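Novice: If you want the building blocks of each chain, they are given just below.
2 protein chains.
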Amino acid sequence: MKCVTEKSEDKIREAAKRVFLKKGFDGTTSRDIAKEADMNIALTNYYFRSKEKLFLEIFKDVLEEYFQNMLTILNKDIDIKSKISEIIDNDFAMMKQEPDLVIFIMNEIHKSPQRLFPDMSIFRQVRETHLKKQLEEGAANGTLRPMQLENILPLIKCGVEFIFMGKEIHKELFMMTDEDFEKYAEEQKEHIKAMVCNYLVIG
Amino acid sequence: MKCVTEKSEDKIREAAKRVFLKKGFDGTTSRDIAKEADMNIALTNYYFRSKEKLFLEIFKDVLEEYFQNMLTILNKDIDIKSKISEIIDNDFAMMKQEPDLVIFIMNEIHKSPQRLFPDMSIFRQVRETHLKKQLEEGAANGTLRPMQLENILPLIKCGVEFIFMGKEIHKELFMMTDEDFEKYAEEQKEHIKAMVCNYLVIG
DNA sequence: GAATATTTTAAATACTTGTTTAAAAAATAT
DNA sequence: ATATTTTTTAAACAAGTATTTAAAATATTC
Chain A
1 MKCVTEKSED
11 KIREAAKRVF
21 LKKGFDGTTS
31 RDIAKEADMN
41 IALTNYYFRS
51 KEKLFLEIFK
61 DVLEEYFQNM
71 LTILNKDIDI
81 KSKISEIIDN
91 DFAMMKQEPD
101 LVIFIMNEIH
111 KSPQRLFPDM
121 SIFRQVRETH
131 LKKQLEEGAA
141 NGTLRPMQLE
151 NILPLIKCGV
161 EFIFMGKEIH
171 KELFMMTDED
181 FEKYAEEQKE
191 HIKAMVCNYL
201 VIG
Chain B
1 MKCVTEKSED
11 KIREAAKRVF
21 LKKGFDGTTS
31 RDIAKEADMN
41 IALTNYYFRS
51 KEKLFLEIFK
61 DVLEEYFQNM
71 LTILNKDIDI
81 KSKISEIIDN
91 DFAMMKQEPD
101 LVIFIMNEIH
111 KSPQRLFPDM
121 SIFRQVRETH
131 LKKQLEEGAA
141 NGTLRPMQLE
151 NILPLIKCGV
161 EFIFMGKEIH
171 KELFMMTDED
181 FEKYAEEQKE
191 HIKAMVCNYL
201 VIG
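Chains as they are written, first to last, in full-length UniProt numbering: chain A, 1 to 203; chain B, 1 to 203.
All copies of an identical chain are treated as equivalent in the list; a pair is satisfied when it fits inside any one copy or across any two copies.
Heads up, simulated DSS-like pairs for lysine-lysine below, C-alpha to C-alpha not over 30 Å straight-line:
id, residue 1, residue 2
1, Lys23, Lys96
2, Lys23, Lys53
3, Lys193, Lys171
4, Lys132, Lys193
5, Lys171, Lys183
6, Lys96, Lys7
7, Lys22, Lys51
8, Lys53, Lys22
9, Lys189, Lys23
10, Lys189, Lys83
11, Lys83, Lys183
12, Lys96, Lys22
13, Lys60, Lys76
14, Lys132, Lys171
15, Lys193, Lys83
16, Lys96, Lys83
17, Lys132, Lys183
18, Lys183, Lys81
19, Lys133, Lys183
No wet-lab data here; the hints were simulated from the structure. Given the structure is predicted, the values throughout are model-derived calculations rather than measurements.
Based on the provided sequences and hints, a complete structural model is requested.
Specialist: Quick look at the structure:
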């Protein structure tokens with residue numbers, strides 16, 4: 001028994017995700033969501049009780065989406081250079097596929113952190129990955145510069161995410177077209193890989 | 001002839017800057033601004049015609065504030081390692097003093113870039129600094145890895161700005177208190193300096 | 001100091017906001 | 001088919017929005 005027509009609840013959820021990511025919580029109205037979902041305005045509250053509850057539900061999903069792929073890669077049994085390369089490639093792909101995601105998360109958490117951290121078991125999972133073991137072993141046997149996960153991980157992620165979050169300002173500042181930016185971002189990605197690996201891996 | 005009482009227009013401008021930085025354009029109401037400035041609601045429109053016009057004026061100032069110190073450092077006649085170190089220290093100080101500034105700029109531009117770029121002569125100034133000459137000379141005489149300004153500058157800035165923009169998420173993710181974060185950020189700052197210099201400077 | 005211009009005020013404007021209502025429509029159960 | 005539940009609808013709600021009004025208060029000019 002296959003449903004050809006999507007359930008209304010899911011239609012609203014998906015529409016809300018699109019609108020929230022694009023406009024943020026404050027910039028989004030219930031009517032925006034209803035219109036995007038092509039549904040009656042009252043249904044958003046019928047299914048989710050309030051704009052706030054709908055937002056919190058979606059935010060949780062989005063935050064997990066942000067961490068999930070990275071987590072998988074962090075736990076892979078591959079050498080550390082490959083791992084760093086994969087994380088950066090994954091970040092790059094994510095920023096191209098969902099250009100609003102990271103700035104959305106950063107901004108919403110910055111504006112009201114207390115409201116947006118539920119029981120995020122994914123945080124614990126990030127803290128306890130195979131990469132952590134690799135860092136400890138590498139530091140012990142002298143192949144890696146001694147660094148904690150919280151020091152190396154932002155160094156890996158910030159380069160790609162920063163230029164994509166600030167895509168428009170970088171385009172304007174350095175007089176790039178969209179096409180220019182594409183090439184530039186690819187270059188930058190390789191610089192970041194090389195720079196981080198050079199710094200972390202000894203010799 | 002010194003004014004002890006601040007002019008109303010300036011009181012509103014300063015109040016508006018505080019509120020906009022904290023809540024963003026969409027999250028800020030005219031009444032928020034009037035209340036923060038302790039002035040009658042009608043005065044914001046009396047002096048600035050509309051919330052939009054007031055915002056644009058403030059945004060321009062904020063964007064220049066973001067670039068101004070960096071620009072001064074970029075044009076100093078000092079060796080490139082010191083220059084990188086100074087830029088990072090300056091970024092660090094800025095993020096501590098104005099924690100909302102960078103995420104605000106990034107988010108507002110991301111949401112509506114076309115609306116927020118006036119005749120920014122400061123952009124041109126950033127493109128034509130002494131650092132650019134240093135990069136060209138260093139690449140020519142083999143002391144520096146050949147890189148363009150648009151490649152090295154984000155690498156210098158992203159590390160510090162990224163962890164401060166995501167301060168709350170980093171605190172939560174790595175179970176840090178505010179105090180922990182302070183120490184962590186200092187560590188990270190030195191990692192970034194070393195990593196970028198190691199990568200750019202040959203030998 | 002009277003006339004004029006500027007600044008400030010409370011109130012009203014027209015409109016949008018999130019949310020609720022109560023009835024209609026559709027789906028499900030008996 | 002009838003009764004019951006679930007879903008959808010148009011309309012209304014009270015509160016909040018940016019902005020404007022016109023009069024009052026203040027400052028400035030002559």
